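Protein chains: 2
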Amino acid sequence: MATSKQYVYAFSQGSARMRDLLGGKGANLAEMTGIGLPVPPGFTISTEACNEYNAAGGRFPDGLVDAIGEYLGKLEAQTGKRFGDLENPLLVSVRSGAAVSMPGMMDTILNLGLNDQSVRGLAKATNNPRFAYDSYRRFIQMFGNVVLRMEHRRFEEVLERHKEQAGVKFDHELSPEILQQVVADYRVLVQKDTGEEFPQDPREQLGKAVKAVFDSWNNPRAIVYRKINKIPDDLGTAVNVQSMVFGNLGFDCGTGVVFTRNPNTGARELYGEFLTNAQGEDVVAGIRTPRPIAQLREEMAEVHDQLRRVGELLESHFKDLQDIEFTVERGKLYMLQTRSGKRTAGAAVKLAVDFVEEGRIDRREAVLRVQADQLEKLMHRGIDPAAKLEPVAKGLPASPGAATGIAVFDADRAEQIGGEGQKVILVRPETTPDDIHGIVQSQGVLTSRGGMTCHAAIVARGMGKPCIVGCESLRIDLTNRLFSAGDLAVREGDLISIDGATGNVYAGAVPMVDPQLSGEFQTLLEWADEIRTLGVWANADTPADARKAREFGAEGIGLARTEHMFMAPERLPVVQEMIMAETEEDRRAALAKLLPMQQSDFEGIVGAMDGLPVIIRLLDPPLHEFLPDGEELAVEVALLRDKAKAGDAAAGLELAKREAVLRKVRSLSEFNPMLGFRGCRLGIVFPEIYEMQSRAIFQAAVALRRAGRDPRPEVMIPLISEPREMELMRALVVKVANEVQAETKVEFPYEVGACLETPRSALLADEVARHADFFSYGTNDMTQTTFGFSRDDAEAKFLHHYINSKVLKDNPFMSLDRRGVGRILQLGNELGRKTRPNLKIGICGEHGGEPSSVEFCYHAGFNYVSASPYRVPVARLAAAQARVRELRA
Amino acid sequence: MATSKQYVYAFSQGSARMRDLLGGKGANLAEMTGIGLPVPPGFTISTEACNEYNAAGGRFPDGLVDAIGEYLGKLEAQTGKRFGDLENPLLVSVRSGAAVSMPGMMDTILNLGLNDQSVRGLAKATNNPRFAYDSYRRFIQMFGNVVLRMEHRRFEEVLERHKEQAGVKFDHELSPEILQQVVADYRVLVQKDTGEEFPQDPREQLGKAVKAVFDSWNNPRAIVYRKINKIPDDLGTAVNVQSMVFGNLGFDCGTGVVFTRNPNTGARELYGEFLTNAQGEDVVAGIRTPRPIAQLREEMAEVHDQLRRVGELLESHFKDLQDIEFTVERGKLYMLQTRSGKRTAGAAVKLAVDFVEEGRIDRREAVLRVQADQLEKLMHRGIDPAAKLEPVAKGLPASPGAATGIAVFDADRAEQIGGEGQKVILVRPETTPDDIHGIVQSQGVLTSRGGMTCHAAIVARGMGKPCIVGCESLRIDLTNRLFSAGDLAVREGDLISIDGATGNVYAGAVPMVDPQLSGEFQTLLEWADEIRTLGVWANADTPADARKAREFGAEGIGLARTEHMFMAPERLPVVQEMIMAETEEDRRAALAKLLPMQQSDFEGIVGAMDGLPVIIRLLDPPLHEFLPDGEELAVEVALLRDKAKAGDAAAGLELAKREAVLRKVRSLSEFNPMLGFRGCRLGIVFPEIYEMQSRAIFQAAVALRRAGRDPRPEVMIPLISEPREMELMRALVVKVANEVQAETKVEFPYEVGACLETPRSALLADEVARHADFFSYGTNDMTQTTFGFSRDDAEAKFLHHYINSKVLKDNPFMSLDRRGVGRILQLGNELGRKTRPNLKIGICGEHGGEPSSVEFCYHAGFNYVSASPYRVPVARLAAAQARVRELRA
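Chains as they are written, first to last, in the numbering used here: chain W, 1 to 889; chain Z, 1 to 889.
With the rest of the complex left out, here is chain W (with noise of 0.2 Å):
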């Protein structure tokens, strides 16, 4: 039953786009074969047999076999030996190559046609007794480990005792005749370990090789890769059959790796390893250390030279920075492998704006060369990636950047010493709005508790600074002071290390590498600028981080937070007044004592970016997050409570007082705070609340324009969940604005938005833009309403676990979920534009700084997304390659 279907190639019949059939090193072999580089010829069977083979339970597909004879035929034709020759026989290596890069699969096996006769054909070819009986040997090792599934100690166990039988410490010390008696004994190891003999049969061991690749693409270690890397598991992987040249023939031979760059630093210079004499087996048994190919030059001069040429010849041709494979075979090289090489963010960006100015490729092709969420590493502080640390907890890498202080355990202390100047740490079991002082005078947060946007996560992330949450294994004692991991026990004041990039926490100081921010970073941004056509805006709370934004590229604020301005420690006890006010008199007064601090907040950050919108978001946490937590205060209460019936009057009188406040705790307690009492809910209840914000803005708004800047101020209405809502707060704060500027007779523009942040409030968008001069989407609560998940519990109950056994793809926290909060916000934009044509819409979850978030909001036709200040670098690359990468499809 003959087949017409092409399972086989020779390397002269392929090419780099026949990447998905041939696999990546498979395509590329046969491009250098094409360009007339000195590949050794060979042949590829494709990831369809592989596909087929694996759908059949294991059978090769009809023809496969045949195929792969009558190509081995012309490979013996075109390089003159044959299969199991005696006089010059024909060896080859096997390689598993699929389309994606892909450790985990089968070892390569080289020498394969290695048998009883054809290894005296060897030694006579070479005229090498011990280099062929040596072959042999790694031969059947390599196979009986990787294709007869025998363990690897097996071999060595014989190997060891003709060493010390022998006398000597090094293998290549061995005897040809040892090696020969090595050979035996193998063969021996074999029958007994499988009960089958050694294939003799060259093309018997070349199919037992193919089905072994074959079989790879679904071992333990392969499957958990493609999990981990989002790999398909149906891609399937090719096979390589290439005839061998020999490193290890003399030292006019040998073997190495170099890219064709520095992939470091990306600085233009041969940058690798090699080694005379030698394998590339040999380099990685660590026996020989392997030399900088600068030194290759000394050494042969005219390969080294021919090796940049061909490394040049190479990367015009694919345009990229190549990892290239060569070995040499008596002063002739030959190209065992070219692919892209992997590279540091720092060399990424350097390479993609050099290509440009070489030539090589254009601006829309450097932007797409750098992954967007990489440049983030630039940007922060890290741990020297050479030193070698053992971290002592591992949690979830919430603000990247690292940092080093002392341990401390509240946020008061933190703000104590902080201010000091001393470096510290805030560590607890999770962070609240009341702890902002502290984060602010900490060097970074580490937290047992909470997800990616926890707290503790969102606060850090706008501030730059490092954090690491959920870091479940510590078991922080906040009575004593101290936290535990595993042994250690760190107490306040010893000095820890954080890595908010990885998650890692390490005990006492670690060496850091400071940022640098390249020209070629600036560059690569300016053309991502060029490009885009989506807008990226920042969120950000404070004037510094508005600067800070403002610098990094941002086009205005998508969300400036109030309430963080609430939080500082001279205002709390005022805003502490306004909740416990019991009528709205008391409640204006309070107000008023905030009014003057709010207006100088804005005049701040709208004047930090004049000219430039900014969003301000009204008040939106529920109250009971400014006051002290319920169960502590249920403690005092009872302690207190205890004393003052043993006598003490003191105690008697605090009680009175801590029992009132616990009463407005709990009748401001909610068993679901964040589908609570908060939001626009409030303005609609205290109205008067918003109006002192709106004033406070409208009046900053004055006070800057009498100073002549241009303040453009937008207010945003926090939560809708129905139209009504925006239609009577929109009412509020214009009435306010026409109150400030009939007052001052200083006129200003403004404008006054929508927050969806409910599902309701987008099937209900066209009912809303009615009443909106803009749409923002609060994506991190319209996650958790469209999915029903709380992000602050999620993340540590249950969604790891989703996450790890697959049942959802990605952290919808993280990269925003396309299939069902996508699907509101399209419906949201589509109804918001159907009322208003021109509706400007934005985001300004966390999402905003996602690079796969970034794109769909390009296809979904945002106006811009908001992201916080150090992610505005990577929303501007990823908006960019979104549209370069629509414009080519």
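No lab work stands behind these hints, which were simulated from the structure alone.
Keep in mind that this is a model prediction, so the values were computed, not measured.
Note: identical chains are not told apart, hence a pair may lie in one copy or across any two.
Listed below are the simulated DSS-like cross-link pairs for lysine-lysine, each with C-alpha atoms no more than 30 Å apart in a straight line: (1) 211 with 5; (2) 840 with 806; (3) 227 with 388; (4) 645 with 657; (5) 342 with 230; (6) 643 with 657; (7) 834 with 809; (8) 806 with 834; (9) 664 with 806; (10) 342 with 388; (11) 806 with 735; (12) 735 with 809; (13) 735 with 230.
Following the hints, complete the assembly by docking chain Z onto the known chain W.
Below, chain Z without anything else, positioned relative to chain W:
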């Protein structure tokens, strides 16, 4: 500028169909005129005129004055009387009348047309000067009050002075001469208070009266009434101008109000009151006591007989119970008004059935004649409506019915005392699933917190027990076991009564009336069943509830919650053991103990519904609900720690135990449990829990099959937000079903379906439907997530404010929000049926028993609604009504 628009209609020109234009009163006067009943002639000024008047800021539309004049002329011609005539003056009444009955607008003005001249004409025509001057006096007083807005007491003072001077007690004892003096004094008073003469021109009087009626549309009482009753503000009122007849010219005259049948019982008998020699006013004034209508037969047999015939004619004509106002002038009967009579729920049911049996209406019309939600009142004990009672507090009416019992402040004591046979009312700040055993043994529940859909409300409704929640004026002091309301303090053991239909709380016992489920009740519901196509199922957690639901006509159980079963006192320790387990093994050991208990639960409930489907929802609530309260534990631990420090060894031992529980409670505690680790998230992370429950369900099915029964279990996976969740959980349930069938060799039918409670589940319903035999929307949770409202928090914190100030029209937890939540449901239905055209779809939220929501479900293509047992009849009727309305449209 004349206009051709018709603003005025003679009674002979109108009809009942012109209700919108002529108002209810005007349209019915016209209709009665049309069918030849003795209606004093007159005309109606249209609602359109009113709206134009109000739109123009209180100016008559062009042409209206002329039209009134023209119709007045016709009226003069028809009656042979003339406005202001010295001999035979025309007097008219002026009454408002909107399209919907609306108290709170302008009162009636009688005798308009009287002035210094015509009063003499009236005296002559009636040969009764006392009557004439008394009428004039009354007219000035009424006109002064309602048109000129003078205070009533100003006139009363004058009248009192004259009565004193004359030494008489009653108005009718005053002589014509004195009455003439009163009139003169009244006119001075008018001049003094208003600065203007009392108008002598009858046309001017009429014009002012019409304006006053129009203006009264917007008086505060009317506005409030419309708001409460959701009547649009733009209907406007008509004005009826009718020639006067007099019931007070002697003892062959009279006036009365009569219902064509008894509106309390529905019995076929005239029901009402009358007074001889009186105007309507006299009845209201309360000086004379009206007499039962039966006595009219003795005094005026002819009139009584005529009234019966008129009643019969009106019923035949309007096909409904009529509420009639009549006047008898010198032995002749005049009809002044007819309208559909208000009736009790019981009468409504009887009338609907009787009218069908009398051939007046068909069954479809009959089912429309009863407000569906009224039915519930017939099914519960109620407080005797005749009793005059003063409530001590008022909360939200969460579950209808009334109960008396002693106040008890915790569930354990309620269980104990209630179990001993005493009637108790459980009083708590709020209830949790921990309190179920206490609720079971209570007559009713009263809480100071929570909304209409809080835990106490749902559980009580499910059990058909009276319940009041959110009674915020109660100050509950659990420590001292008492509550206070105003000055009253109620201690544990004191008797209280609650009325769950009104939310009223009473001190002590109150008189009760028993429920009556009449034959007509059953008949009407049978007709509803013939008509409706929407299925009606019930939510029930126990065999007793299921039997009750079946008795009320449920066709299946749409929601059997399994968590209430976990709460039974003998099981809770095992459940807690399961939760405290640190390993899967320990957890499985605890679950093994629960298995037989759950199996017997399911045998009970599935058995009770033999032959009908029972949807069992697998465990849904967060696990911490089964553990003690964290705050209470924290207090306990703090106090124990103090004691232990002071050297109390026993406290030290206890401390360690309680600390362990506190740690678990803390590790399970969540910021927003509603959005947390619950629903199928439990089943995904701890599959062994759902495995045990599935096994219990299927083993129960096997046991029932073996007993020759017909079990129809359906397994529902709660809180789906991702299709993969459904896929995994369905696979788990099917695996267990296969195991049980293999082990027992017994086959049984079953289905596996999805509970859609988050917007995302509906957005991806096409994918969910691949793995679901049915959908059931949990509309409580869906409302929470779509709005971002926590039902436990919203009502007390802001939702009441939203509804009072019209931000939202209805409470979305009571009546399904069609604009938002409804849209999500419709989307889910469309997508789900795209995958499975025959997908069975229902709802199982609290909305299943609310008529408007039932109507929505019918139109949205649902297969069934599931309601709490006592709401099943409501849903049956509402489903039939929805279909009838659709067939008619």
